[in-house]
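> Below are the chains, spelled out letter by letter.
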Amino acid sequence: MTTLTKQPRKASGRSGGNHGRKLQPVKRSMTSRLGDLKIALFFIFPAVIGFVAFFLIPTIRGIYLSFTEYSILGEPTWIGIKNYTAIFADELFWNAMGVTLQYVGLNIGFQTVIALGLALLMHRVAKSTFVRGALLLPFLVANVIVALLWFWMLDYQLGIVNEVMSWVGLPRVAFFGSEQWAIPTIAFVNVWRHMGYTALLIFAGLQSIPNHLYEVANLDGASPTRTFWSVTMPLLRPVLVLVLVVTVIGSFQVFDTVAVTTNGGPVNASRVIQMYIYQKAFGESDFGYASALSVILFVILALVAFVQMKFLKGNESDLD
Amino acid sequence: MTTSTISRKKPLNWRRIGAWVLVAVALAITIAPFLWMLRTALSSNSALASNAGNLLPADFSWGAFKRVLGLQTTEEAIADGGSGAAINFWLYLRNSIIFATITTAGQVFFSAMAAYAFARLRWPGRNKVFAVFLTTMMVPPIFTALPNFLMIKNLGLLNTMAGMSLPFLFMTPFAIFFLRQFFLSMSREVEEAAMLDGAKHLRIFFQIVLPNAAAPIATLALLTFIGQWNEYFWPLLVGQDENVRVLTVGLSVFKSQSPQGALDWSGLMAGTLVAALPIFLLFIAFGKKVVNSIGFSGIK
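Quick note, the sequences are listed as chains A and B, same order. Residue 255 in the working numbering is what sits at position 255 of the first sequence, and the numbering runs on without skipping anything. Residue 223 in the working numbering is what sits at position 223 of the second sequence, and the numbering runs on without skipping anything.
Note that these hints are calculated values from the structure, not bench results. Since we're looking at a predicted model, the values are computed, not measured. Glycine included, every Cβ here is placed at the ideal spot set by N, Cα and C.
Here are the computed lysine-lysine pairs in the DSSO-like style, where the Cα-Cα straight-line distance is at most 30 Å:
#1 Lys-128/B x Lys-38/A
#2 Lys-310/A x Lys-128/B
#3 Lys-127/A x Lys-289/B
#4 Lys-288/B x Lys-127/A
#5 Lys-38/A x Lys-200/B
Covered by chain B, according to a simulated footprint, are these stretches of chain A (three or more residues, beta-carbon under 8 Å):
#6 61-75
#7 138-145
For reference, chain B alone in the conformation it holds in the complex (with noise of 0.2 Å):
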């Protein structure tokens, strides 16, 4: 008996190992550019010219990480093969933690106090008010920049840090939407006892709300925070100078300061990697709800 099974899964077990070499294959397509990018990194540029298809890196090196980190003299940095271009590494890396911290926490807070109005408190006009909240998710990023950027301008917060974190500060459809869904879902319970020893709509909100829904607003912060650590369009619209600049726009102006053909490829590499560790660190403690949320995130 058990051989017929065998032998009847047999075909299976072809197609099963095929798929399986697919799956690797896609792997590898997804994770080897990533390996690429520290290989570049840790060579020295210098050499990478002349050991392009070298699978190690070429003339190891830490100097592309020291350039980056500005532990390096732009001296140093020309013998290294570097451009001599230099970027502000840990003022940026500062700049995007501040945009990124800021802007997350308001934007989830505020989102969450609407997402309970529209969740747990009674009033006329409720629903509507969300669906026309719930339009805006229709307007395209780009069609609000142009008169956003020139309002910010006009109140003179061009290259701050209030002008490039108001327009995410509040709220996003999105967010109200996520959290509206699991207040819903919340017991009435605890709410109703609690309102009974005379807790008022604030407390209910801080001491019984948030805390039961630490794990969507949890995971809605982490999204948000992702989300707004990659933020391109809007801080090189609003956030150029040096003092505001974030990791991604200081990352465009260290490639395009350079002239072509003559690179720094593994300092960009090098500076491409750090910028990307803080996503990776999240990713390693925390992908799973990363990974679990994306379902849910996608109905919107």
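Just chain A, with the same shape it has in the complex (with noise of 0.2 Å):
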């Protein structure tokens, strides 16, 4: 980068010498240890306000909040970390735990085999724009539509997935309203939204490996199986490593579905982490526990990358 800046100074000169622009340089050096900064810190303006007002800030102001008892009314009072000890013996966090890595867990699971099984077909066979167009679709309208379309379509008297059921002689289930199917129905749901866009991140990096390397598997006679496990999976690590990270966090933080379907029941059997945060603020106006929590879930967050990044060597790819 420095490079980049530093050397077309000096080849400037080369297309309008004679202007007696060349004065200019003795004001420069003077500058130079600053270079742009004024114009620089105009540009940089209006998104500097944006970080320090909408993340630098709450972000310190979160953890604070987290260490005292704060109902929207009045100030907050400081309490230590009463609240985080208060976590450690609720039930219900433990439940929500529970709940969301039962949800993270379905979701990556089938989300990750489907996604590089439907990457291979877009590379082997299917590599038209409308094939990933279509695949894509469902990624890109809301979730709340997404989760009002399966709702309907999941309904237990209605829905025409119970009635295909019941055609072929299988029992109605009630994919929404029972403790057991409420997380695996959420988390087919999300399976069904994200994984066309799975599916084009690691198609994105299957074209990256070269070509030359098929067929040297090919000269040596490596069956497909045998050129997949060596050839493709060890090159396309970095990116399923990307992939695993993205969705492993963003299933974390699962929301949108389960409020607009189940609202956390029936029970407690669909009440993950974050909705539970949002019913301590928002249903019980205890914004010191429900910042406690969501500090939780922000270390829980971070460690999975930091892991997920040193196990998998994810930035180090096999072709350097």
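Could you fit the two chains together into a complex? Lean on the hints.
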């Protein structure tokens, strides 16, 4: 970057030398240490406002609030780590954690496998933009709309899925209404919404694998399965790590689908962690407790990202 | 010779056929629910119950669309099997358009300004500041949502368009990162020539950098607009009031207004269909652009 910015100033004399603009360098050298600082400040000013007001201050304030008792009325009172000790004894918190982990596991497992399959299909047979576009469509439609659509299709009485199941002779299932099925159903809906998007990310990774490696494998007489495990998978690792990090972090924060369909129920069966934070803050006006919950969620997400990057060596590609 | 190539390729063709069948199944699973949405929206509510499995609209009717668009009186709606719950569609549509447009325009423009400073200007601490900006990508939205809600409330901006838009208006780390990548790769020559002619940075930014980066800026704007159009959590917290309620929130309210078991399904599906219409249209117009940008956007 630095070479890019330094070099052209010299070369610039080339095009308009006789205009007398050459006296500028004297003035330039005096200010060169600060460079374009003044004008740069002007250009980043709005972004800095946004950063400070809506990311930096809220982050600090959120951490501060987590050590207070604060119901939106009045002032927050400092109570030390009481919120955190209460959380660790809070059965509903552990339940929310369990439910969230169950969702994350189901979501990631199915989504990654299906998306990998779709990406391979796209790579081998169907590179057309139409196919890719069609698979992406659910991802572009709002979570709320996708949730309402499946809420209808999976309805116990009138939903087409239950209708088809009863034609085949299967018993009807209260997908959103039973404790056992609520989370798997929500996970399924979001897998449906995201599989095309995830497949496209993996597809982009597949396309970056040089073709000659496949030719070599072919010449060596490697079977397609062997080629997949020895060539495709190792070289796809950086992309897969990225996809995993993005989807794990995203799925820990599932909310929209739950809010529109089950609202956390039946009983506590689908009260994911973000739903719990929302209910604590806006249902019970317990902002201190809710802030402490979101600090914990934040720490978990940071750890997940860190561990995934380290363990899977996401930054290195075997190509280098 | 031709026969031998054919016979050699035959097993391969079977595999290809199998692969295409899988592609077709995936497409069907993706598309069919949307068709079912349309089929339900074109059915009359009272007929849905007795024709749950009928593949064509049950008792074809435009009633649900009329109801959603406010062209039907409450009595007509109830006679049609609706719950009588109203959806102030045009108002929510207007709010969604304002919200998504303002936030997209602000975010893309201000992020472009910052990206210009990070990519094309020399100043001390540039890369450090950029790194600090990037780390905010790690902060989950829920984490900043609570303090941001309190701030918007303290500013007296609850249930205003300003309160809904402000957190999205100035930047996202991703937008800055996305545009910086393109600005870095632009050639310096035109810029240098303009500078020799006495052009200032503002003019260079507006007349050279922005026009030259029109394609990535359009792509980013498109992705941002879709994201903002679909935003639910923040408008749910801050924009509950009818006057600023956006479509996503409006639809969930519409759903929860009607008692369980007596949902106005065709009305709900007509509503979701109309709410998704702008996305469908954008997709038809710019689908290729969106699809091709995904590979890049994933590399956050």
